[in-house]
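Student: Sequence:
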Amino acid sequence: MFDYQVLDMIELGIENFKSLHDFKTAKSSIEMKPLFIFNGELFEQREEYKKLKNMLLDFFRDEAVESVNLKGLEYIISVTAEPIANPTYFGRVFYRVYKATKN
Numbered sequence: 005m006f007d008y009q010v011l012d013m014i015e016l017g018i019e020n021f022k023s024l025h026d027f028k029t030a031k032s033s034i035e036m037k038p039l040f041i042f043n044g045e046l047f048e049q050r051e052e053y054k055k056l057k058n059m060l061l062d063f064f065r066d067e068a069v070e071s072v073n074l075k076g077l078e079y080i081i082s083v084t085a086e087p088i089a090n091p092t093y094f095g096r097v098f099y100r101v102y103k104a105t106k107n
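Per the numbering used here, residue 5 is the first one in the sequence shown, and the count goes up by one each step.
These are calculated hints, taken from the structure and not from any lab test. A few of these clues could be false.
Simulated pairs of lysine to any residue, SDA-like, Cα-Cα distance not exceeding 25 Å [stated by the list, open to error]: (1) K37 <-> V72; (2) K103 <-> F40; (3) K75 <-> F47; (4) K57 <-> K28; (5) K22 <-> Y8; (6) K37 <-> F98; (7) K103 <-> M36; (8) K54 <-> K75; (9) K75 <-> Y93; (10) K57 <-> N20.
Only a predicted model underlies this, so the values are computations on that prediction, with no experimental measurement involved.
Based on the provided sequences and hints, a complete structural model is requested.
Tutor: Put into C-alpha cells, the structure is as follows:
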C-alpha cells in the first residue's frame, strides 16, 4: 500500500496450515533477519512469481545493514515453486520456516 491505495496484491490459498503453537521447539527471536531461499526457476522466468518473490522480500524487509553477523542468522525461510505443466496456471508454492541450530 502507498498513500492508502493498494498498488499490488497477490491472493494465495493456504493448505495444511500449522501454527507456531503446533511446534514444540524453540522459536526465533524478535527482530532477527531471515535468510530467504527461493527454490525453482519459475522465480526467475515468470512475472507472477517474480512479483511474489519481490512482495515477500518487501514484507520482511527491515532497515538496511552494511554487514550481517553469521551467528545472528537464526532462521531460514524456504519458498519453493512447484513445477507446473500449464503455463497459464499459477502453481503451488511451498513456504517453510526453519530455525538454524548450533551443533
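Student: Hints first: check each against the structure and report whether it holds.
Tutor: These are the hints, each one checked on the structure:
1. For the hint linking K37 to V72, the alpha-carbon distance of about 9 Å falls within 25 Å, and the restraint holds.
2. A threshold of 25 Å between alpha carbons decides the hint, and for K103 with F40 the separation of about 12 Å falls inside it, so the pair holds.
3. The hinted pair formed by K75 and F47 fails the criterion: a straight-line CA distance of about 28 Å is larger than 25 Å.
4. Note on K57 and K28: the hinted pairing is violated, with a Cα-Cα distance of about 29 Å set against a maximum of 25 Å.
5. Restraint check for K22 and Y8: not satisfied, since their Cα atoms lie roughly 32 Å apart, outside the 25 Å limit.
6. With a C-alpha separation of about 20 Å, the suggested pair K37 and F98 falls inside the 25 Å cut-off, and the hint holds.
7. Among the hinted pairs, K103 with M36 is consistent with the structure: their alpha-carbon atoms are about 11 Å apart, no more than 25 Å.
8. At most 25 Å may separate the alpha-carbon atoms for a hinted pair to count; K54 and K75 exceed this at roughly 30 Å.
9. Simply put, K75 and Y93 have alpha-carbon atoms about 40 Å apart, too far for the 25 Å limit, and the pair is violated.
10. Under the criterion of a C-alpha separation no larger than 25 Å, the hint pairing K57 with N20 is consistent with the structure, at around 21 Å.
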